[in-house]
Amino acid sequence: MNNLFQEKSWPPYLVGAGIGILSWFAFLTADHPLGITTAFEHTAALIEKYAAPTLAERNSYFEKESPKIGWEWMLVAGVFIGSFISSKASGDRNAPAVPPLWQQRFGTSKSKRYAAAFIGGTLMLFGARMAQGCTSGHGISGTLQLAASSWLFTAIFFSTSIGTAFLLYGREGRKNV
Amino acid sequence: MFDPIWKLALGLFTGILFGVLLQKGRVAKYQVILGQFLLKDWTVVKIMGMAVVVGAAGIYALLPTQTVSLHLKPLAWGGIIFGGLFFGFGMAIFGYCPGTGVAACGEGRKDAFAGMIGMLMGAEIYVVAYPSLTAFLKRFGSEGKVTLPQITGTSPWLWIISLILVAVVTVIISWRNRHEMRTKQMTS
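Protein chains in written order, with our numbering: chain S, 261 to 437; chain V, -6 to 181.
It should be emphasised that the hints constitute simulated quantities derived from the structure, not laboratory data. There's no promise every hint is true.
[What the hints assert, rightly or not] From the structure, some residues in chain S lie toward chain V, with a derived Cβ separation under 10 Å:
#	residue
1	Asn263
2	Leu274
3	Trp284
4	Thr289
5	Thr297
6	Ala312
7	Thr314
8	Ile341
9	Ala357
10	Gly399
11	Ile400
12	Thr403
13	Leu404
14	Thr424
15	Leu427
By construction, the Cβ of each residue, glycine as well, lies at the ideal position given by its N, Cα and C atoms.
Based on the provided sequences and hints, a complete structural model is requested.
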């Protein structure tokens, strides 16, 4: 068991099956699908509520939603801890600040990579909240419930990502993967 | 403002297992995510596909026992289409999705931390813009919380059995390919 945990990677099909079974567990024990971005939305809403209360008073968001530190928030904290423990056990923690693939295309500048990550993260989360889900909430939890919205969202985001990746890297950059 | 403590503990426990699976699945890595979008590394599709097949079979098998209930997101055209475009564009630039981004932070990836601050910023923009944004998105209409079987008037098991068949065939083909590659390497 310990050896298994020290492995750097597990076969993808087994990891996928594991996530599928974990989603049964989440539905059974917490009546919740696996999802990440609601926690970010609730954190942002709590920030507005306490940092800009007058703005929050006029925001209809707070009539519709009640942001809280709940199951989903702890799920996100858990993902961080789980990945930390797993990477410690296998010694898989030496990734450079600028990923090699990015470096070959856009150079070694850390600030350039951080700025791109920041902008990418901003757009991604904004999109996730418009659609009410992400790769987990729609891509896995929604599609496994056969939700029409989730299959459409997954098709749109995947093809947009493929198009963007080819725009960024082209056929030449693709050879470096 | 807080869920009861048992529920918080349950969320943390579930999250730790999720984090371990994402890290061991190698999807908390920029190279693997971009490799998928450049159609060279199929790890992401393998993991997502298998999670959906196993998850769907289990959840739909449990439904009649009334121990689980469905939590569907509405098919709101504006939110899903614009959201999907923003999400896909942003994710390819960032190189991680929200869940794998958090896992990448756990793995000590500094660029993922920068993206995490961006994600909080994106959520903040959404919350602040909520009143006008939802009014705009509503104009595109919504089909409500519907499943593919409901829309097509078919049994969910028709979909699930088809998904299982696709998964089984894909796994068999990829195992055979790997076996063939190995025997080729041994003979040469």
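Outcome of the hint check:
1. Asn263: Where the cut-off is 10 Å and the nearest Cβ of chain V is about 13 Å from Asn263/S, the hint is violated.
2. Leu274: 8 Å, holds
3. Trp284: 4 Å, holds
4. Thr289: Since the shortest Cβ distance to chain V is 6 Å, the answer is holds.
5. Thr297: Check passed: Cβ of Thr297/S comes within 5 Å of chain V, closer than 10 Å.
6. Ala312: 9 Å, holds
7. Thr314: 13 Å, violated
8. Ile341: 5 Å, holds
9. Ala357: 4 Å, holds
10. Gly399: 6 Å, holds
11. Ile400: With a minimum Cβ separation of about 5 Å from chain V (threshold 10 Å), the hint on Ile400/S holds.
12. Thr403: Nearest chain V Cβ about 5 Å off; hint holds.
13. Leu404: Leu404/S check passes; min Cβ-Cβ to chain V is 4 Å, inside 10 Å.
14. Thr424: Holds: closest Cβ of chain V sits about 4 Å from Thr424/S, inside 10 Å.
15. Leu427: Leu427/S check passes; min Cβ-Cβ to chain V is 8 Å, inside 10 Å.
Consistency with the previously given hints fails for numbers 1, 7, ordered from lowest to highest.
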